[in-house]
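> Spelled out from the first residue to the last, the chains are:
Number of protein chains: 4
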Amino acid sequence: MSLNTFGHLFRVTTWGESHGPALGATVDGCPPGIPLDETMLQHWLDRRRPGQTKHTTQRQEPDRVRVLSGVFEGVTTGTPIQLMIENTDQRSKDYGEIAQTFRPGHADITYHLKYGRRDYRGGGRSSARETAARVAAGGVAREAIKALVPGCEIKGYMVQMGEVLIDREAFDWDAIDANPFWIPQGPDTVAKWDAYLSAIRKAQNSVGAAVEVVARGVPAGLGAPVYGKLDTDLAAAMMSINAVKGVEIGEGMAAAALKGTENADEIFMGNDGQPVFSSNHAGGILGGISTGQDVVVRFAVKPTSSILTPRQSIRLDGTATEVITKGRHDPCVGIRAVPVGEAMMACVILDHILLDRGQTGGTRGKIG
Amino acid sequence: MSLNTFGHLFRVTTWGESHGPALGATVDGCPPGIPLDETMLQHWLDRRRPGQTKHTTQRQEPDRVRVLSGVFEGVTTGTPIQLMIENTDQRSKDYGEIAQTFRPGHADITYHLKYGRRDYRGGGRSSARETAARVAAGGVAREAIKALVPGCEIKGYMVQMGEVLIDREAFDWDAIDANPFWIPQGPDTVAKWDAYLSAIRKAQNSVGAAVEVVARGVPAGLGAPVYGKLDTDLAAAMMSINAVKGVEIGEGMAAAALKGTENADEIFMGNDGQPVFSSNHAGGILGGISTGQDVVVRFAVKPTSSILTPRQSIRLDGTATEVITKGRHDPCVGIRAVPVGEAMMACVILDHILLDRGQTGGTRGKIG
Amino acid sequence: MSLNTFGHLFRVTTWGESHGPALGATVDGCPPGIPLDETMLQHWLDRRRPGQTKHTTQRQEPDRVRVLSGVFEGVTTGTPIQLMIENTDQRSKDYGEIAQTFRPGHADITYHLKYGRRDYRGGGRSSARETAARVAAGGVAREAIKALVPGCEIKGYMVQMGEVLIDREAFDWDAIDANPFWIPQGPDTVAKWDAYLSAIRKAQNSVGAAVEVVARGVPAGLGAPVYGKLDTDLAAAMMSINAVKGVEIGEGMAAAALKGTENADEIFMGNDGQPVFSSNHAGGILGGISTGQDVVVRFAVKPTSSILTPRQSIRLDGTATEVITKGRHDPCVGIRAVPVGEAMMACVILDHILLDRGQTGGTRGKIG
Amino acid sequence: MSLNTFGHLFRVTTWGESHGPALGATVDGCPPGIPLDETMLQHWLDRRRPGQTKHTTQRQEPDRVRVLSGVFEGVTTGTPIQLMIENTDQRSKDYGEIAQTFRPGHADITYHLKYGRRDYRGGGRSSARETAARVAAGGVAREAIKALVPGCEIKGYMVQMGEVLIDREAFDWDAIDANPFWIPQGPDTVAKWDAYLSAIRKAQNSVGAAVEVVARGVPAGLGAPVYGKLDTDLAAAMMSINAVKGVEIGEGMAAAALKGTENADEIFMGNDGQPVFSSNHAGGILGGISTGQDVVVRFAVKPTSSILTPRQSIRLDGTATEVITKGRHDPCVGIRAVPVGEAMMACVILDHILLDRGQTGGTRGKIG
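Protein chains in written order, with my numbering: chain A, 1 to 368; chain B, 1 to 368; chain C, 1 to 368; chain D, 1 to 368.
Chain A extracted, bound-state conformation:
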């Protein structure tokens, strides 16, 4: 990862600001011959799109993605794919106060300190709108994975919102797409989450969240030790998402409390020449290389910093001020981080499929 590009061989460069004319992703290194059109990408953008429920920002953006290059006669050509999303709902308003004020918890002050200026309209480059471009790029990655590794499936879901955790005993994979929180839980739990978040909003507050992303059907052998490990790249990918403060693989931070007898996944021989494991504390990765088990990543998203409760801050001229962020803001940005986390997982997995092919030819050592 470097500047505004991530990936080794599948390289994604995102560009654009929240209130500029457009934003997008330049996707380089997609293999040729992958069926691709705008509809396929729009599907994933629609999942992330704001304004769909009462819990996400009411900014109305159609987030319509256009493919400007790299696709010909319905398939990728191996050349760069330019994905552009035009910004349409740029409410004209007076930016006078926000232009002069640093909002606590936001990147306003660090962009100013680093660059000597910032596009203050809607957070500029540091706005979560940048993640729309990631989701579009992730859509490309998903189609390539589908073609190269049939059966590989990527899914994200919330596992925590504030004090509320999901019940792992009642985990329901199929429920994820059926509720606005993308939680793997039934309608009763969804109702509770809804009530919880409504109360947060009414209290003019916001709340953090934790998201888990799982990749099933990942072949063993992906990962480039020791500094391009699969988990290293996943950690970077997730930490680069706005508001993320922690990343875990498998047991994650809880591994600190475990004993050796509890943690190591024992190995057995499967029927098809592949190993099977008694458990997956490792999150599908050993020594930076995939084992063939589910790859499991979790990340924490901090509570939205834009809240109606007043916070102390300073202005550009150094004078003190009190900030109340009105505008259109999600009380829990973790919700919309779900499709973003999925997109990053897809990009990293595809990148490592290609990298592994380049390094080893994709051959595998045999067991048995």
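Treat the hints with caution; some may be incorrect.
If several chains are the same, the list does not tell them apart, and a pair holds so long as it fits within one copy or across any two.
As the list claims (entries may be wrong) - No more than 25 Å apart at the CA atoms, straight line, and that leaves these computed lysine-lysine pairs for DSS-like:
| id | residue 1 | residue 2 |
| --- | --- | --- |
| 1 | K326 | K259 |
| 2 | K202 | K326 |
| 3 | K155 | K192 |
| 4 | K259 | K192 |
| 5 | K259 | K54 |
| 6 | K259 | K202 |
| 7 | K192 | K366 |
| 8 | K366 | K202 |
| 9 | K202 | K146 |
| 10 | K146 | K326 |
| 11 | K155 | K202 |
Since the hints were derived computationally from the structure, they do not count as laboratory data.
Following the hints, position chains B, C and D against chain A.
Structure of chains B, C and D alone, referenced to chain A:
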């Protein structure tokens, strides 16, 4: 990060296996004119060196580092610095069984699956011995930081070992270097940690840990959004360390449970034209760019997989076996992860000092 | 350089095909605070624009560049700058034959062999239209150079077209912009070049060319030995331009015929603490680092492969065919390579200004 | 290429100075399972080794290469391969004068200006001794190519020395290894070259040269347009060699004088489903991608700047001086550039074999 290299402008490539003739780091991009000699680097390697207490492996390696290039007349020249550590204690022994067996929790099986072969002697490339090269490179980074940003200080310490946590109320920065666990606590607590780990060892078990690394005196403005963010690079750096399963910045995973009113660090004007903050939930980083506060990173290390308690596994031929790892192993690899975490922090901070200089000339926006 | 991106810190990714909806450049790493608008970039695009004289393709493209991101209130912000040029003159026509045929001297056959498909409309990605994006990016680089190194000037000109060479004795720097060949020569010579090329065209033929690009006012000390040398990056930059077959620095290939006494530039002390040289056989670069003299690069462009004279070739199905390229083609693509070579020089020089700042802080050793 | 590393997936970082304790190459990204030992590499180093004929420096260096990592049980493991060559013949001498003086045509002055210091012993990092590390790395690349693309052969030879050119009509591939100039010519020509160079030496002078490197049996489809083109990477690779001032592919600079009818290689159908070409003006590369024909690169090496004839220069303190370089110097460094050019070709070809595998899976479009 890519293959065996990390860093944008300060680029470190480590090489070598646990039981090969030598291992080391090729350090490229160190600025010219930095005073450097082997003694300065040896200081940090001695911190990490095995065989110093009863809690670390009894393998006796002097870990003597040699500087083969890039330094002339006592200062760096701007050319690559080759750091070599010869392996001396390579006990000749029969590797017959380990060569045929995949140890649970180790990278044996994934290296075999990916590469079709592995250097099975002591874990080969996936051994924690690789981290000696990181510590040497980190020593170079520390000297460069000292010259470029006087007053910037980097320190790591354990904050958790199994069920035992440090007492933050009794935090003693000066105690860190005075005990074998590098904990910021007094002798009584050290004695308790010692007893706890001795019990783990006697039970033929091992235990996980959490390590915190703090960088003080980091200038505001470091970080290259949006994919070379300071926290992104730190997450990658720490996750690339052997056995690490989670990385946190500031509040870390706990941010998921917080409300907006609790999390945002309020901003005030300091005396010297720099902002001051009411708290540091952000861990010194906003929008991927340093704020000028302490940069705070935490990571979890899983318990040593090599334990005397038998574990189920398979052999290269697919037959079942039971693994008991005798050898010389740390019951808590988290201890020796402290100097490694410090080294990675030093490398990332220096890299971003250089990158920022390249991107912006190191100028800063003014407040007030 | 890698895939579709070039540059270390000033990173340019071009995208788009000849007959797709648009093409452009994603420019990352431009320093903040540089005044920039579309008019400044359009100036350079207009130099390269087709359809201006009888000697360049009659395709009528306005080549209007739009800045979609990275500029706010008239200056760069330090975030990615997206430059988009929409394709407007995509004549609808029957591509049936060209879709099935490999044109000799073109990339048709190699794209097909590599990717299994190609966008055959107008050469797709391998069309010289891609260089419009380079010229736009070069315009950004020029503005940044102007701000960072005032007095640095970059200029390209033809030095050879077929058998015709410029007269170095009559070199006229100011004449370059006053003629359609960008030759540093007076009107009489221009008339001769015009007649020569008209004859080539009438003979249904095309002709090669050599272009020289000079950068004046380049500070000493740019270049990252030993694999990011200034001449190495210039060689790559120029060789990446369509149809270029050779690159020279200073004496270039002629150095092979020289003796040591003839070649070495002797050194004297200048008035301002800077060295002066008796000559510039080195082309302003020693050991990969700029000396402070003019940086001089030359490259050869092969004759346009698209000619009306029939050439033997094969079809996709392996059958033999004869190719006559009608369409709108320049008889000497070297003419329009001049602004492209300038753009590449500008990008490389800026990149090395930034890289040097990152590596050394831009400080310089003293003489005297 | 960046700093001291080149290559996309096959990444070579060289390190070390002329008179330091050792120099070498850190070779990352070599595929696993390639048979490799020190003898194989020594073979190529011996070709480049100084002190073998009267025309090369009499410095006696055994240039013994050691493999410190990445090879186990006689084959590569996929981990970094560290190649170290110890410097043994570091004559102790008084460097007083050379330490204070900038030799014309050398990098002394630019290193000083950039870095504020330099290792002046034998040219330090800018010495041609650095190329020994390239040759060792090239040896690794050759073995990997042999395993992955049997039949691919790389050979370099001189084509010009000063005013003397080879006779292409009498080209003898088998004669190359049988004479000290590596020219594809019989003994009579060799004798003439010998007499010519002896006269140059007696005149206390030196002379330039041109070297051609050919790769036969390169599969079609290698090259990553548009900025990782095969010719782009070859141009960079060759231009990075000490003293190189020009690089050509196929017709090279001569393409400027050609007409379209003369230059385009016509295409016919071969017997095995592969195209055949009537000629190879393109040097085996179209649009940056290999055609399957011989890849032909040429580069010019300037005359050795170290000559006994006095040259004007300045000292560190700015005073004028006259430089006579005594020491042990080749009158034509072009001779020893032959194995270096071969090594760079091998590294680039292997890199693109791996890159192509990663990008496209190595599949190929069909003809017929």
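> All hints, please: hold or fail.
Hints versus structure:
Taking CA atoms no more than 25 Å apart as the test, K326 paired with K259 passes between copies only; the shortest distance there is 17 Å, against 48 Å inside one copy. For the identical chains of this complex, K202 and K326 are intra-copy neighbours only, at 13 Å inside a copy versus 60 Å across copies, given an alpha-carbon limit of 25 Å. When the C-alpha separation of K155 and K192 is checked against a cutoff of 25 Å, the pair qualifies only within one copy, where the shortest distance is 23 Å, while the shortest distance between copies is 44 Å. In this assembly of identical chains, K259 and K192 lie within 25 Å of each other by CA distance solely across copies; the values are 18 Å between and 35 Å within a copy.
In this homomeric assembly, K259 and K54 come within 25 Å of each other (Cα to Cα) only across copies, at 19 Å, whereas the closest approach inside a single copy is 44 Å. Proximity of K259 and K202 under a CA criterion of 25 Å is satisfied inter-copy only: 13 Å between copies versus 44 Å inside one chain copy. In this assembly of identical chains, K192 and K366 lie within 25 Å of each other by CA distance neither inside one copy nor across copies; the values are 49 Å within and 47 Å between. For a Cα distance limit of 25 Å, the shortest separation of K366 from K202 qualifies neither inside one copy, at 59 Å, nor across copies, at 37 Å.
When the C-alpha separation of K202 and K146 is checked against a cutoff of 25 Å, the pair qualifies neither within a copy, at 43 Å, nor between copies, at 50 Å. In the homo-oligomer, the alpha carbons of K146 and K326 never lie at most 25 Å apart, since the shortest distance is 42 Å inside one protomer and 42 Å across protomers. Proximity of K155 to K202 under the C-alpha cut-off of 25 Å is found in neither arrangement, the shortest distances being 31 Å within a copy and 43 Å between copies.
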